[in-house]
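Participant: As a plain string of letters, each chain reads:
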Amino acid sequence: MLLKTVFVRLLTTAITLFGVAIVVFVLVRVAPGNPIAMMLPPGATEKDIAALNAVYGFDKSLAEQFIIWLGGVLHGDFGTSITLRQPVAELVLGRLPATLELSSIALLLAVALGGCVAVIGARKRGTGTEVGLDLTSGAVLSVPDFLWGLIFVLVFGVLWPVLSISGRVDPRIDIDFTTNFYIFEGLLRGRLDVVGSTLSHMLMPAMSLALPLAAMIAQLLKQNLKEALTQDYTTLARVRGFSETAVILREALRNAALPTLALVGVQFTFLIGGTVIVERLFAFEGLGNMAIDAVINRDLPLIQGIVLLFAALFTVINLLVDLSYTFLNPRLRHG
Amino acid sequence: MTAKTQLTRRGFIGASAALTALIATGAPVLAQSADSLTIAYNIPVQSWDPTTGPAAVNPALQSIYLAVFDRFIDQAPDLSFGPGLLTEWGFNDDKTKITMTVREGVKWHNGDDFTPEDVVWSLTRAANPATGNPMQFVWSKIGNFSVEGNVITGDVFSFEPALFKWMAFLTAFVLPKKYYEEVGSDGFEKAPIGTGPYMVDAYEQGAYVRLKAFADYWGGAPEFDTVTIKFVTDAASRVAEIESGNVDVTSNMPYEEYDRLIAKDGLSGVAVPITDIGMIFLNDIDVMLDKNVRLAAHHAIDKQLIIDRLLRGYGVALSTLEVPGYAAYDDSIVVEYDPEKSKELLAASGYSTDNPVTFTIQTTRGFKPKDYEMIQAIVGMWRKVGINAEIEVYEIAKHYELRASDTLAPAAFYNWGNSIGDPSTSTGFSMFGPSPHAVWDSPDLVEKIGPLFVEPDEDKRIQGYKDVSRYIAEEGYVIPILQYVMPIVYASTVNVVPYTSGDLLPQAMTKA
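Line order of the protein sequences matches chains Z and Y.
Quick note: the first sequence uses my numbering, first residue 1, plus one each step.
Quick note: the second sequence uses my numbering, first residue 1001, plus one each step.
These are calculated hints, taken from the structure and not from any lab test.
Cβ coordinates follow ideal geometry from the N, Cα and C atoms, glycine included.
Keep in mind that a hint or two might mislead.
To be verified - One-sided and incomplete, this derived list gives chain Z residues near chain Y with beta-carbon spacing under 7 Å:
no.: 1; residue: L40
no.: 2; residue: T83
no.: 3; residue: G167
no.: 4; residue: R168
Work out the full structure, taking the sequences as your base and the hints as a guide.
Facilitator: And the structure:
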């Protein structure tokens, strides 16, 4: 059953990505803004323009360009970036670890913060504390991530400068890692200077991304916990002498967490999307920051590569969430 | 149960403390070493080949290229030209040949000797369309080089009066022939070398470049041993970086922030007019074919008021596309702010505030300081005299596409840079119809500007451009608005030399 689900989902993922490839390819070419026009010298003649078009392959028909590009993609060649003059695959895969680490840390922070607030809210249900937490969650949720970023920059970057404002790591540190997963590889290699510097740079952008999601998790999980706390099995636990906190953590949380997991899965993809603006604000060299530059410069091969990778990420994350949901939910697992 | 809970709490507190300590090790170090300098720059390096691709013609990237590479000819802060890798240069009398003397005793960053062959190879490569040099149209005008000692001679295929000014401009960098041929373009991107004052020590694409002083630099080693240039594209973050003391120098922040920052202890600033102007292109279509409308639109704009109110006084009002310091600047050409005259001109064409002339004006939003707000103000001024303009916001890329295809709206706000100050690269190419960047394409201008592109008599050429500028102002073919001012903020421990070209050169920075 599970294998069949995986197979079907992988098949639909491939079809989705093919569709995304066509849409992206066509859209970036019909959208206003020609990369060649942006690099034309003042005295360029028609011949010069034709020569530049030929250099970048824009002299061919749209269909021809698509076939050439798709052929390359199927062989792992996503073309060469017009502005960065490097293979697109190398560029996007080089930036992916930064975005994945940032998103993962943000997700962990969101789950930890949201989870704690939900548990406290459920524990203090019906009191002023719950109302206060609800109000705070609502306020946090209403502030967009980039605004949180600006607030953090002001507070922890300028007024009390304890965290690094921009970049991903201190430029003075020499890093000769095999991968661009600075935290993961830094821990494996015992390079705590790299890990510390990366975390110092990552904390503000990660918190900016995490806070709205944390508020969402807090609200949903608390509601589910409150429902669970009215069920017979939690009453039984109380009768057995468990404290209210233990009832929540040991009995209610497991069942209440399932709908939250689905939310986290869906929101994680939005969180990755949110990195575009937040990475820009913090000059964090991830995929999102690169995407903005690519769009500004109309770097068509790079835009295509980034969008395709984002699409692949989203579909894979959705697939993993669905599978984990299936695995964790006994009714679906045995259905 | 209790013991277990306490242990977990203890563990949690311990883990938190360890994490805090770990993050603290990576916390920003406020005090910079005396021999190092950190600059927050507003655009990332896109490519390390300064002669090909879009990056090569991006004026904002030239500062970083100039730290690592040298141009054929050097340019001083006031736009004047001086010896660079070439110490002497010139045309022969009949402008059919050029002669260039190559500086001796120059080293590449890898220790190789710099030779005339490097210059010949760089010029030949730049002229080859296959390399993708965007300025190939300039470099292809010379060729057939021969070397004798340290003197290079070459044939002039097509006379270009500003050729040697171009040698201090976009893509005019000398690259190492031997090294480049050994490592190829990919290898060069990964490990670029030049003859410039700084060597690339570490580069993280999109994040930073760390430069080390080149002890053998022909112009003398720069003052700071290490320069780190962080690419911080967001202006608010650059402001925070300089305010927090994380960086020593930054630029291009909103003028409000500039005024606030330089008032703080420990920070200084300098704001000078640069070779970048804001202008309204007029397209020779629709109502713009009416001279009265064009001139009325120009006379109705109070440029100084816009500069004072919106840009806090940082800007220079312009009447032509030539600015003070450019070779063909003529301060006697003035288009006065005169709304009454605008009303008269419009009335002569049958327009009034009750029966306004209408057209679209395009503008960027947030690309240049207060660009959209300036256009809003201009539209407000126009409305008072009988012009009803509708604002359409476009992106940079769309502007270029529309400009190249000559499909801009009747009026379109954008900017124009000209770091060599030559009139051919300002009035010339922006108003000469066949150029892909010209918007006004009337044959009278083609007739007047065309001959100036090949005029061998320099005085005559410059006077010709002054005459054209006057003619353009009288005909109202374009509406120059202002010359931009670039704000630079720096720690009081550093001296910064501002360049009129807009360059921010680490080698020109010294300890205060």
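Participant: For each hint, tell me whether it holds in the structure or not.
Facilitator: Structure-based check of all given hints:
1. L40: Where the cut-off is 7 Å and the nearest Cβ of chain Y is about 5 Å from Z:L40, the hint holds.
2. T83: At 5 Å from the nearest chain Y Cβ, Z:T83 passes the 7 Å test, so the hint holds.
3. G167: holds, 5 Å
4. R168: Holds: closest Cβ of chain Y sits about 6 Å from Z:R168, inside 7 Å.
The structure agrees with every numbered hint stated previously.
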